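Fit chain B to the given chain A structure using the hints.
There are 2 protein chains.
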Amino acid sequence: MSPILGLDPGSQRTGYGVIERRGGTPRFLACGVIRPDARSPLPERLGSIHREVRSVMRQWEPAEVAIESGFVHRNIRSALVLGQARGAALAAVMDSPRPPQVVEYSPRQVKLSMTAFGGAEKSQVQKMVTLLLALGEMPAEDAADALAVALCHLFRARAPGLATVGGEA
Amino acid sequence: MSPILGLDPGSQRTGYGVIERRGGTPRFLACGVIRPDARSPLPERLGSIHREVRSVMRQWEPAEVAIESGFVHRNIRSALVLGQARGAALAAVMDSPRPPQVVEYSPRQVKLSMTAFGGAEKSQVQKMVTLLLALGEMPAEDAADALAVALCHLFRARAPGLATVGGEA
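Those protein sequences? They're chains A and B, same order as listed. Going left to right, the first sequence walks through residues 433 to 601 as this note's numbering numbers them. Going left to right, the second sequence walks through residues 433 to 601 as this note's numbering numbers them.
Check the hints yourself; a few may be wrong.
Listed next, with one range per pair, are the computed distances between beta-carbon atoms [what the hints assert, rightly or not]:
no., chain 1, residue 1, chain 2, residue 2, range
1, A, Q533, B, R467, 22 to 32 angstroms
2, B, Q556, A, S434, 48 to 58 angstroms
3, A, S555, B, E553, 47 to 57 angstroms
4, B, R530, A, A572, 25 to 35 angstroms
If you are wondering where the hints come from, they were derived from the structure by calculation, not from laboratory data. Predicted model, so just to flag it, every value in this text is computed and none were measured. Yeah, the Cβ is synthetic: ideal placement off N, Cα and C, and Gly gets one too.
Extracted from the complex, chain A is given alone in its bound form:
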């Protein structure tokens, strides 16, 4: 089966996780956290997010990419910065001979698909991801969040009414 890439972008840390469907069960392929040099100006950090996401895309060639619409930001300034990290990551996702389908999930949808109640703590998501993918050790928080959104997609892809990324500005 074709891999599914989950992404949890941020200007300081961008988590990614790659899984695949194997029969009825999800199988872990890879995960990691892209950490641009915090001392670099934002354009350089965006360049580094873009390069590393592109390299993950080239390695795994996922046909489906799931991304958190994640929006717990309080102010317009942080929304603008988070948006830039997402834009750099999504541009890398689309910079492919066969661009994948991109599907967006809210933090609540992701948590619901992990824990059956939408208000899970971060550490519960990490534990559920570790359990569901039978990992030897718990992934870093941002990598676990990315794996969780990939798992959310895998679980929900069978269900109708998928949300896709949209919006205007």
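Coordinates of chain B only, in the frame set by chain A:
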């Protein structure tokens, strides 16, 4: 002299303008508006912004890029979408063997450098850009905004206290 690229990103229309210093005067090289298909999902539009900005970068190889910090958006949702367009554009700017210097200017700084008072109407900016670059016809609004930020950089690059793009999320 090395060209200066001005960018005015948006998810629907991204303006770009390329100028160079020629002695003491700015000279027009190119401008345009990237208009992703409005019916496409956001990731595809981001991919198209990224490809076209990269192609402008490859054609002109600017050593300096000026971008509007422009933020007249009312809500967090539109900030997030605008941020994604900027992120896709800036990732293309940095996707270069010799990444340029990127400098950010506020809408007010850009207007001040055009009209000596910061509250200029859009159409005044278009007229000033046409005059300053001795253009045969008035460029489209988004292209004019991009040329204006490039001109702002050219005029202000001599002055101290440059703003550079920054921020966390």
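Going down the list of hints, with the structure as the test:
Range check, Q533 (chain A) to R467 (chain B): Cβ separation about 23 angstroms, and the 22 to 32 angstroms hint holds. The given range of 48 to 58 angstroms is respected by Q556 (chain B) and S434 (chain A), whose C-beta atoms sit roughly 53 angstroms from each other. Separation of S555 (chain A) from E553 (chain B) is about 53 angstroms and conforms to the stated range, judged on CB atoms against 47 to 57 angstroms. For the hinted restraint 25 to 35 angstroms between R530 (chain B) and A572 (chain A), the CB-CB distance of approximately 33 angstroms keeps it satisfied.
The earlier numbered hints are all upheld by this structure, with none contradicted.
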